[in-house]
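Number of protein chains: 2
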Amino acid sequence: MAPVAAGGGDREIGVALLGLGNVGAGVVKLLEDNAAAIRARLGARLVVRAIAVRAPDKKKRLVEVDRALLTTDIEATLSRPDVDIVCELIGGDAEAKVAVESAIAHGKHVVTANKLLLARHGTAVFAAAEDKGVDVYYEAAVCGGVPVIRVLREGLASDRVENIHGIVNGTSNFILTEMRDKGTPFAEVLAEAQRLGYAESDPTLDVSGGDAAHKLAVLCMLCFGAMLDSDAIHKEGIDTLDPRDFAYAEKFGYVVKPLVIGRDHGRAVEARVHPTMVPARWLLADVDGAKNALYVTSYALGGSMYYGAGAGMMPTAMAVVSDLIEVARNLMAKAAGARPTRRHRALAPKPLLPMTEIRSRYYLRFSVADRPGVLGQITTILGNHEVSIAQVIQDSERDPGHDSGATVFVVTHEAREGDVQAALAKIAALPIAAAPPRLIRIAE
Amino acid sequence: MAPVAAGGGDREIGVALLGLGNVGAGVVKLLEDNAAAIRARLGARLVVRAIAVRAPDKKKRLVEVDRALLTTDIEATLSRPDVDIVCELIGGDAEAKVAVESAIAHGKHVVTANKLLLARHGTAVFAAAEDKGVDVYYEAAVCGGVPVIRVLREGLASDRVENIHGIVNGTSNFILTEMRDKGTPFAEVLAEAQRLGYAESDPTLDVSGGDAAHKLAVLCMLCFGAMLDSDAIHKEGIDTLDPRDFAYAEKFGYVVKPLVIGRDHGRAVEARVHPTMVPARWLLADVDGAKNALYVTSYALGGSMYYGAGAGMMPTAMAVVSDLIEVARNLMAKAAGARPTRRHRALAPKPLLPMTEIRSRYYLRFSVADRPGVLGQITTILGNHEVSIAQVIQDSERDPGHDSGATVFVVTHEAREGDVQAALAKIAALPIAAAPPRLIRIAE
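As given, the protein sequences belong to chains A and B, one line each in that order.
Numbering-wise (the working numbering), the first sequence opens with residue 14 and increments by one.
Numbering-wise (the working numbering), the second sequence opens with residue 14 and increments by one.
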């Protein structure tokens, strides 16, 4: 059996894959399925020379490959002279970093789908690549197959991004869409998502906002030239949302979405991950199911949005193979590692804006005793903290889990988060408070 | 006054502008406004060396420029040794072609926003550029600032596009959005759009679908490797739409949008421009006002969408300057003209699929005599032509412009256009027909 190859062009460009899971199998399949088109566009063939895997004897794989290509020896793979590009699909942090840095040290160009690696060690990886004169491409790291990295790095190269709002975790978006459409609680929808393969058996990284925070760090790097401490990004999961919040979001004209938000403040960057109410008229409000989308607001272009499959074997593989083609195009022009396509030269560590300093609109839900004067107490405290109210609904239906009581729903005008939190602490300490207040930020 | 320059990097890359209208002024402004960021990303300065204009003494310009840069001599501008990149912003067909071909002959790289030039003469321009080893970039030619050209050429380089649905003419989309929201007839909305500057004083190219057809030809070139006869693309304008069609579109669950549709059939390409009903649940249905969007369906990625400002001084200038940066990046790596980023090598003339051969769903409106048996006659003729009906509404309100009569609204299942047209011809010839039937295609 011949090595996996794309097309029959004269020149061959050697590729090594590290990892043959879901995405790796997709890469092999796409290189085969679209071989002729890739060769026609590139004028060369992309040939897989080696695939490093943990267990070469594993029987069940998602794609058929020549067993002679499989190896457990990553270092030997990275030093092969017939390999031009190393495709890192190991995932995770430690092992991937060692492999990518070794690939760079061997003078190999790198394509990776690893957002965690870039969020934690982007500075070191890009510096090493620049010193060695090799390319590092990472389109698949954010929004899967939707080419948002290229859009930001090249399409908007002349522009200045002011802020971004993104749905970058498909699992969370699928779960929130189902919760809204079916009125089902989180735990039930999660179980269903796991059954359908939309959620991992350990869904923590997805539903806690951790995965989204890593992607947000990569986006802020590209948009604002800022290296953030990605582990310090404020994140709230979707697991504490209550079906009532979906119903009242709709009443107030909003849809709850798992958003990442980034905004440049010059000396600091605002970066946060939390379920957010977005106006129902926004395009982002219509991005449903497991889909991803990034809405970018920039100086010259204004608002623009990029939408599609943020995960899955073939969409992610598509981004990886497009990166391989990009490096191959550079190689064909003897320009690999030489094009200043990266904004990494201009990267600088930047502090995160403290959450108390952000400004937002807020949806607040108060479970209180059903007693005269309650609404007055709440609104007075909010007012004393400079939190001005846009809409309020008091619902005297029995608050689930409490024998008697009322629920007060408040939508505020824009306010400082520190002020809102201080007001909520005071309200929570009132004798009328039956449960801690719930806060959901509104993007508008 | 110093020449217009972006940033203070060491290396200077010389740019000549042909034309200083709306977009040209935006280019000058953006190079100034974002000078520092561009220099940081590129490691070089983009310097405007000359601007060719028709009337250098013109008093009123959208941007202030050094008068010494202005010239009427295009040929002298193109042969300047200190010009690396020529930016063609003349527009139109004949003069732009002469200028671009001369720039290429002088070994200059070209950035253009001219869809008409590429739709009519793309093959010749790209062949000349390839022979001479220079770059031709044209991001601003389609969807203004939304980087759809880059997305298709690079982001989806590994994928195979199956079909595209796009809103690529902002004027038409603005007019249809207003007609729907306010129930106002075409002529009134057009007058308002002209007053607001959303429509030209001669709006023919926009509202007739001509502008959209040129853009569709460029998209089909990129998506399907097909050079089409852009003047032969089927187009229908938005000027014949009736407010009733908007109301019934909504009843049937659709929104009327000015769509371009392209689909690869292997030996032929389906390409058409007409007002189209799209399902209200589609993201494209929510693209309102003067905005543009391209929805792409491809083999590996599935559905993806790209949305934003398709016209306007700064959005279009943003695309042009991002192209300048792209060429400059190639120049910095000594790779300009050498990267096989273009799919133009694989371009081939391809026939258009005849309109009679396309398959679609249809909305049909019949103005008929209000008489028993009318519905039966219509549905029988449709059935005899293999046109199967999904929904029908008979409205006996007085048909405007006729003394008495009824209107029959039909939504069909997918059918062959030739069969539908044959059925309509028969129905139009019936004694009960009070006016020619109206047909609007449905994308679904």
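Worth double-checking, as some hints may not be accurate.
[To be verified] Simulated restraints on C-beta separations: (1) L218/B <-> E427/A: 11 to 21 angstroms; (2) E370/B <-> D95/A: 13 to 23 angstroms; (3) G146/A <-> G316/B: 32 to 42 angstroms; (4) R294/B <-> T253/A: 26 to 36 angstroms; (5) E143/B <-> R294/A: 42 to 52 angstroms; (6) R294/A <-> E175/B: 23 to 33 angstroms; (7) A260/B <-> K264/A: 25 to 35 angstroms; (8) K264/A <-> A200/B: 35 to 45 angstroms; (9) A448/A <-> A403/B: 43 to 53 angstroms; (10) S92/A <-> V76/B: 29 to 39 angstroms.
[Said to hold, decoys possible] Keeping only pairs whose Cα atoms sit at most 25 angstroms apart, straight-line, the calculated PhoX-like set for lysine-lysine is: (11) K439/A <-> K145/A; (12) K110/B <-> K195/B; (13) K42/B <-> K72/B; (14) K42/A <-> K71/A; (15) K73/B <-> K42/B; (16) K72/B <-> K248/B; (17) K145/A <-> K73/B; (18) K347/A <-> K73/B; (19) K145/B <-> K264/A; (20) K72/A <-> K110/A; (21) K347/A <-> K145/B; (22) K145/B <-> K439/B.
Don't read these hints as lab results, they were simulated from the structure.
For glycine and all other residues, C-beta sits at the position ideal for the given N, C-alpha and C.
Hints versus structure:
1. L218/B <-> E427/A: 11 to 21 angstroms: Given a distance of about 43 angstroms, which is not inside 11 to 21 angstroms, the answer is violated.
2. E370/B <-> D95/A: 13 to 23 angstroms: At 48 angstroms between Cβs, range violated.
3. G146/A <-> G316/B: 32 to 42 angstroms: 38 angstroms, holds
4. R294/B <-> T253/A: 26 to 36 angstroms: The hint (26 to 36 angstroms, Cβ to Cβ) holds, given that R294/B and T253/A are roughly 29 angstroms apart.
5. E143/B <-> R294/A: 42 to 52 angstroms: Once the Cβ atoms are compared, 46 angstroms apart, the range 42 to 52 angstroms for R294/A and E143/B holds.
6. R294/A <-> E175/B: 23 to 33 angstroms: With a Cβ separation near 31 angstroms, R294/A and E175/B satisfy 23 to 33 angstroms, so the hint holds.
7. A260/B <-> K264/A: 25 to 35 angstroms: Roughly 28 angstroms apart at Cβ, these two residues keep to the hinted range, so it holds.
8. K264/A <-> A200/B: 35 to 45 angstroms: Because 40 angstroms falls inside the window, the suggested range holds.
9. A448/A <-> A403/B: 43 to 53 angstroms: 50 angstroms, holds
10. S92/A <-> V76/B: 29 to 39 angstroms: At 55 angstroms between Cβs, range violated.
11. K439/A <-> K145/A: 57 angstroms, violated
12. K110/B <-> K195/B: Answer violated: K110/B to K195/B is near 42 angstroms, above 25 angstroms.
13. K42/B <-> K72/B: Status holds; Cα separation ~18 angstroms.
14. K42/A <-> K71/A: 18 angstroms, holds
15. K73/B <-> K42/B: Judged against 25 angstroms, a Cα distance of about 15 angstroms means the pair holds.
16. K72/B <-> K248/B: 40 angstroms, violated
17. K145/A <-> K73/B: 51 angstroms, violated
18. K347/A <-> K73/B: 47 angstroms, violated
19. K145/B <-> K264/A: 62 angstroms, violated
20. K72/A <-> K110/A: 28 angstroms, violated
21. K347/A <-> K145/B: 18 angstroms, holds
22. K145/B <-> K439/B: Violated: K145/B and K439/B sit about 57 angstroms apart, past 25 angstroms.
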